[in-house]
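Chemist: Respectively, the protein sequence lines represent chains W and P.
Heads up, the first sequence is in this note's numbering, so the first residue is 242 and it goes up one at a time.
Heads up, the second sequence is in this note's numbering, so the first residue is -12 and it goes up one at a time.
Certain hints may be false.
As the list claims (entries may be wrong) - Distance ranges between label pairs, derived from CB positions:
1. W:Q268 x P:G94: 31 to 41 Å
2. P:G94 x W:S442: 52 to 62 Å
3. P:A70 x W:L399: 37 to 47 Å
4. P:L59 x W:R522: 51 to 61 Å
5. W:Q361 x P:I145: 49 to 59 Å
To be verified - According to the in silico footprint, chain P covers these stretches of chain W (three or more CB under 8 Å from chain P):
6. 572 to 578
7. 606 to 614
If you're looking for bench data, these hints aren't it; they were derived computationally from the structure.
For each residue, glycine too, the CB sits at the ideal point set by N, CA and C.
The primary structure of each chain is shown beneath.
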Amino acid sequence: MKLPTRMKGKGPDRHEGEDTSGWLPPQAREAWNRLPEAVRTLVLPLGLAALAFLYPFYSGDLPGAFPAVGTVVIMIVFTMMAVGLNIVVGYAGLLDLGYVAFYAVGAYTAAWFASLHFSQVSFHLGSVGISGEAVGIHLSIWLILLLAGALTAIAGILIGLPTLRLRGDYLAIVTLGFGEIIPQFVRNGDSISGFNLTNGSFGISPIDSPGFGEAGESLGLPLSFQQSFERERWFFWTAVALLLLTIFCSVRLRDSRLGRAWIAIREDETAAAAMGIPLMRTKTWAYAIGAFFGGIAGAYYATFKSGAFPSDFFFNVSVFLLCMVILGGMGSVWGVVLGGLFLAYLDQEGLAKLGNWVSDLIGRQIDVPKYNFGVYGLIIVLMMLFRPTGLIPERRRKKELAEGVHDETLYDASA
Amino acid sequence: MFVGLVALWVVVNFAKDPQEFISVFLIGLTNGAVYGLIALGYTLVYGILQLINFAHGDVFTLGGLVASTMILSIFDLSTTDSAALLVLGVAATLLIAMLFSSTLNAGIELVAYRRLRQAPRLAALITAVGMSFILQNVGLIFWGVNYTSVPRLVPNSIAFSIGEVDLQWNKIVVLLITIPVLLGLTYLVRSTKQGKAMRATSQDPEAAAMMGVNVNRTISFTFILAGGLAGAAGLLYLLNFTTIRYDQGFQLGLIAFTAAVLGGIGNMAGALVGALTIGLIEAFNEGLTWNTPGSDWTRSIVFGILIAILVFRPEGILGERTPEGQ
Chain W
242 MKLPTRMKGK GPDRHEGEDT SGWLPPQARE AWNRLPEAVR TLVLPLGLAA LAFLYPFYSG
302 DLPGAFPAVG TVVIMIVFTM MAVGLNIVVG YAGLLDLGYV AFYAVGAYTA AWFASLHFSQ
362 VSFHLGSVGI SGEAVGIHLS IWLILLLAGA LTAIAGILIG LPTLRLRGDY LAIVTLGFGE
422 IIPQFVRNGD SISGFNLTNG SFGISPIDSP GFGEAGESLG LPLSFQQSFE RERWFFWTAV
482 ALLLLTIFCS VRLRDSRLGR AWIAIREDET AAAAMGIPLM RTKTWAYAIG AFFGGIAGAY
542 YATFKSGAFP SDFFFNVSVF LLCMVILGGM GSVWGVVLGG LFLAYLDQEG LAKLGNWVSD
602 LIGRQIDVPK YNFGVYGLII VLMMLFRPTG LIPERRRKKE LAEGVHDETL YDASA
Chain P
-12 MFVGLVALWV VVNFAKDPQE FISVFLIGLT NGAVYGLIAL GYTLVYGILQ LINFAHGDVF
48 TLGGLVASTM ILSIFDLSTT DSAALLVLGV AATLLIAMLF SSTLNAGIEL VAYRRLRQAP
108 RLAALITAVG MSFILQNVGL IFWGVNYTSV PRLVPNSIAF SIGEVDLQWN KIVVLLITIP
168 VLLGLTYLVR STKQGKAMRA TSQDPEAAAM MGVNVNRTIS FTFILAGGLA GAAGLLYLLN
228 FTTIRYDQGF QLGLIAFTAA VLGGIGNMAG ALVGALTIGL IEAFNEGLTW NTPGSDWTRS
288 IVFGILIAIL VFRPEGILGE RTPEGQ
């Protein structure tokens, strides 16, 4: 079945040609408006990207509250996952409480195909910094990122096919079920009919490093990130590149025919179906693509940590990611990036620093990071009650919430 | 087919060691009774508001933790006290735990869910998830990260034996408390005016409002009832296992929710049937010996059942087909 041709072309949620110069003084505004539109829309993202890429060079001069480069890598990985989750929750309106499962699949893909784990075989393809005789499967990490994305997308389709018929909260519960089953499978997977698939609760470690090999070395690029003197910087730059790619894909997807179909489903499933949108296929695509980015992020994180451990995969992570999406604004890519970076920063460094600061201030030791999930819970509830559109609301979503064109509500009981 | 295999597995296990089978069966029944009390809370709230109250499991934990404080610090009960004193103390603890959980649950509804009546359903669900985390941290702040344990007030010694099978006191007490609570609940919902209002609101809130039902009060009342059941379950859990920790309710809540879905969510008898089934499945899986996956897989099995039920028979065992499940 084809989508109706009416949906081709520019959807109503394109924001081009808007006046973004309201804050400038009049002369500057005039000059700004004379610039070509491509320049005007790109200058802010490019500036931010440049600022991000250069972060390792000036991070040492910043005040102590700014995160270390290594921390930023983790922040970016979680933000990538949040952007992926945003495709499922924000665009298509399918609440996924088991996103951690995709993270796990991605991480274990990296662990299986780039470590000593499967010692029965010895297979090398483009791996760097590994001796040629090492046992196990060793693929190039760049290949693995793609492979992890693909495998996770398949996992997303497998989970989605039987469950996407369900609506709303039932779907949330089923995804939660999968989010609980997959980590338990990983934890118990050291003896599946005697075969050690996941190495149980010890996890799989070490995982090979990404790198550019000998060809890259002659160009001045590191042979292997983990063995490089500037390990964190190289991981950081790759992470920024991956995040930019994710954001780019996410924005382009939103404005594509598929993305408009997702938003149509989110706004009114019945009407969308009546307009000829194939519900199951469109939803399954949301799942697969959302999972794809989760898988890449998971695999990349695993190579950064050089290990995949079952203790990383808990329901808490799913809620943490959901919290990023809600805080930023469901459906708003830039909002989710902001929310993701902020919350991941709090999680990795911010709460500890805040805790120290508070403890110094009142002269009593308070272990703030211990209560991190209480803080996230509070953020979720407060955002839902007072600003359900998020920090940077997506225009369309805001209208939906204001005008109530969304799916059925909890009924009106104002009596 | 699958059901047949499971039945065969149960029968073979029974034939291999009947005595062990029955004692495992009793464990399952007791756990199932506790799950039932929690599952009823999910079902009551879902029935009236179509909301999965994620925070319910944590209301249960806080009820149990309050009960532990009552037993340890306020009433200072210990195993050496006389039976009469113990009965009195436990009864008072039960009352306080139920009161506390009721107030808490109704308070959550008032503060968080009531404002979201007009919002998309997912907004309320997400809020409930957030609430659950907040409650867990309340438990963490006041009771710490370690297990709180109370003395074994109800001995697990044998009360009496029927043939080869031993009945233990702690199991009897769980059933002794559960059954009257359930009877009282049934009476409330079936035969009182407030119960009628509840049933009317769950069928059609607007029509109920037009007929003069105070919908907000009815919803609050439902949350009070659900909270009370959770509090009772908290104390029973404590009496049965003697330890409780701030984050246990989340898991138990999920299991109880599975039970509610298994029985047909929104259906009270269904919640009980589902809870007993889940309790038995768990106990069989962990206690039986012939070809059993073992306790490593319990959670996977429970959630596997949940997924299978939702996908193949979303109305549950006793429920009716609803548009939500399609």
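Chemist: Looking only at beta-carbon atoms, does the pair Q361 (chain W), I145 (chain P) fall within the given range of 49 to 59 Å?
Modeler: For Q361 (chain W) and I145 (chain P) the Cβ distance comes to about 53 Å; the hint holds.
Chemist: Does the Cβ distance between A70 (chain P) and L399 (chain W) fall inside 37 to 47 Å?
Modeler: 57 Å, violated
Chemist: Three or more residues of the segment 606 to 614 of chain W near chain P by CB distance under 8 Å?
Modeler: Since 3 is at least three, the answer is holds.
Chemist: In terms of beta carbon proximity below 8 Å, does the segment 572 to 578 of chain W have 3 or more residues touching chain P?
Modeler: Since three or more residues must qualify, the claim that chain P covers the segment 572 to 578 of chain W is violated, with 0 doing so at under 8 Å.
Chemist: Is 51 to 61 Å right for how far apart the beta carbons of L59 (chain P) and R522 (chain W) are?
Modeler: Given about 58 Å between the Cβ atoms, the range holds.
Chemist: Starting from the hint 31 to 41 Å, judge whether the C-beta atoms of Q268 (chain W) and G94 (chain P) obey it.
Modeler: 57 Å, violated
Chemist: Against the range 52 to 62 Å, how does the distance between the Cβ atoms of G94 (chain P) and S442 (chain W) compare: consistent or not?
Modeler: 39 Å, violated
Of the hints listed earlier, those the structure fails to meet are numbers 1, 2, 3, 6, in rising order.
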